[in-house]
Amino acid sequence: MATHAGGLTEARPVRVQGLSRGFGDRTVLDDLDVQIDAGEFVALLGRSGSGKSTLLRALAGLDGDQRGAGVVDVPENSSVVFQDARLLPWQRVLDNVVLGLRGPDAPGRGRAALAEVGLAGRERAWPNELSGGEQQRVALARALVSEPQLLLADEPFGALDALTRLRMHGLLRELCTRHRPAVLLVTHDVDEAVTLADRVLLLDAGRIAIDLAIDLPTPRSHRQPQFLAYRESLLRALGVDPTEG
Amino acid sequence: MTASLLTRPHATAPVRASRPRRRLTPGRPIPFGAALGPLLLLAAWAAGSATGWLDPRTVSAPWTVLTTAGDLIADGRLQDNLAVSAQRAGLGLAFGTVIGTLLALVAGLSRWGEAILDGPIQIKRAIPALALIPLLILWLGIGEQMKVTTITLGVLVPVYIHTHNGLRSIDSRYVELGDSLRLSRAVFLRRIVLPGALPGFLLGMRFAVVGAWLALVVVEQINSTSGIGYMMDLARQYGQTDVIIVGLVLYGLLGLLSDGLVRLVQRRTLSWRRTLAD
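These protein sequence lines map, in sequence, to chains D and L.
Using this note's numbering, read the first sequence as starting at 5 and increasing by one per residue.
Using this note's numbering, read the second sequence as starting at 815 and increasing by one per residue.
Just chain L, with the same shape it has in the complex:
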């Protein structure tokens, strides 16, 4: 090797002063960018109400909704219903996540597991929760059991689908590496399978947390005596638009918050990834 190959002259390249070349990345992240869309929506709503373009009988103004929320908190109804709802959603989410992950592992790691499990779960996926409720009421009654079961069924599907897909897309070269290092099944699972499926699992969780709140609406508006959905259904009977919107906003906020939480976990645990978004 000669020296000329290794030392690169610096002075020859002209310095490009003005515009850098257009790049294909989306550019710098916008500060508080995640809040921008919802805030714009809120502004449009406020403007519509202030100008009278939105009829207060069908859509209450943001400030009316805010005072109604204040009243509901003052007499304790909002907290009580929220606590009941949160417990249902949380339980369903926990059961659904565990069951969905286990099913995905079994189906992803064994041919028999896939042959037996994948079909029924795809069938469940095609059946809406609403259509299952009459049957679940006959089986489990109208109590908490039926509600949590419905949410669980709604949650386990996205967790299963995305975790299974994540598992299946683990590069076969890593499996070969595991073979060449004679990894035990446990180490293979912990070091290669689970971290490899984690991006898929977390994507499934993003669908699952929102899905848990969605399933909640369905179960709480049928034969229920407590919860946010019940509060909204009652308001419908009395024509209280503002209370309905309080419930809607609450669902929206809960969904946004839980999704944000999963995304935070995503960013923390997948910091090894370099993607278009970085």
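Isolated chain D (complex conformation):
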């Protein structure tokens, strides 16, 4: 199961024990255990309907009125990136980034976060004026400006075109290397998971079916034989024949 060996002194920002969730009489998550270390990048794979988003929403505390049981222990300071950028259309880009930001010099920190995602100079723009990729970069800046210990991302690149997605992968890896939050990235894209994550969890029928550490140097390439091996085993577990297509 999802027990990942680690030292006793190591901080564990995420500890999930015996988590169950259901809608009606359908069980979505079934007695789940997950741990994520500080600074660890975990990708959560699964077919649609496997409970990926339900797990993420449980960690984000966004499932208040759902039936379920279990212990969810997450750091106070966590951020969510949604599939849609979810920027407030009536607030300018900078105001979106610093929304709810506490502490001194919020505008300054917001500007720095925007510069980090390559959007310096667009502080006064309206979200509607930005492209889809730019909007998602603003959402990343908003998520990281509070220096979260845990970043929860729910298929954040799912709505972007292939080229923009590749660029966003590079940006996300760079940002995570610099800020070192623990990351849970929900995705249905095996390549994305193997490219970005330190560890891949595969969710099937409400349980962790595979817990796979990705032991590859970064930057990773689709041409590495080991990359292909990881990819193949994950695709097989998802019920896809990797030799097809």
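These are calculated hints, taken from the structure and not from any lab test.
Errors might be hidden in some of the hints.
Here are some of the chain D residues that sit facing chain L, going by a computed Cβ distance under 10 angstroms [as the list claims (entries may be wrong)]: (1) SER82; (2) ARG90; (3) LEU156.
Glycine included, each C-beta is placed from N, C-alpha and C at the ideal position.
Dock chain L against chain D, hints included.
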């Protein structure tokens, strides 16, 4: 990725010279378009009077109305009555806006608030101001209090309905965003709820400003001794069509102006929106 994917050859697409494809947008804005309709109406009125098609005993000609307005201004009656009317409408509008907005916030943000407030306001909406006046006169007398109260009641309904509707139609994804950012109630209200409800509020205000002038007509023609409505009622008794029309034109202009003012605010504050009209 190969280079051919990224570089697009320019020469292959033939340049379409003549007609652009018909578009579904309404097209370019017409300069001074807002004034066009009223000006056409004025022209038709002038033409009707000049040709004798409109009887001057029932509808005075525009120029007669203009000279009458000049006379009324010269002896100070127009300004005095207008000032009294404007004060009533302004007070009623201010009270109605504040009360309507507060009620909409309470009803929009709490289930209890909605359960308690929404019904009575819908009932008030179904009762015309004219039907309430006899009761209000018994309660408040025939003074300013009754007049301002009537206008307030007329104003708060559209402000409430549209603000409440605006609040209710705020995308639940933004509420979820607020939860995920752990926004305090105050920040949530200021950054998400109020701006999200602003388009609805401003639409309500467009109804409210015109409604304030409409309610004024009703209260000033009953037991009143001052105001535009009183001036018109007096003119009716003496058969002065021109004075009645001066009053009507004045109401029309005031309504048009106040609506234009709200629309200006709308354009300023909702500049983030991209709509069919842009």
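Hint by hint, here is what the structure shows:
1. SER82: Cβ of SER82 of chain D sits 9 angstroms from chain L, so the hint holds.
2. ARG90: 5 angstroms, holds
3. LEU156: 8 angstroms, holds
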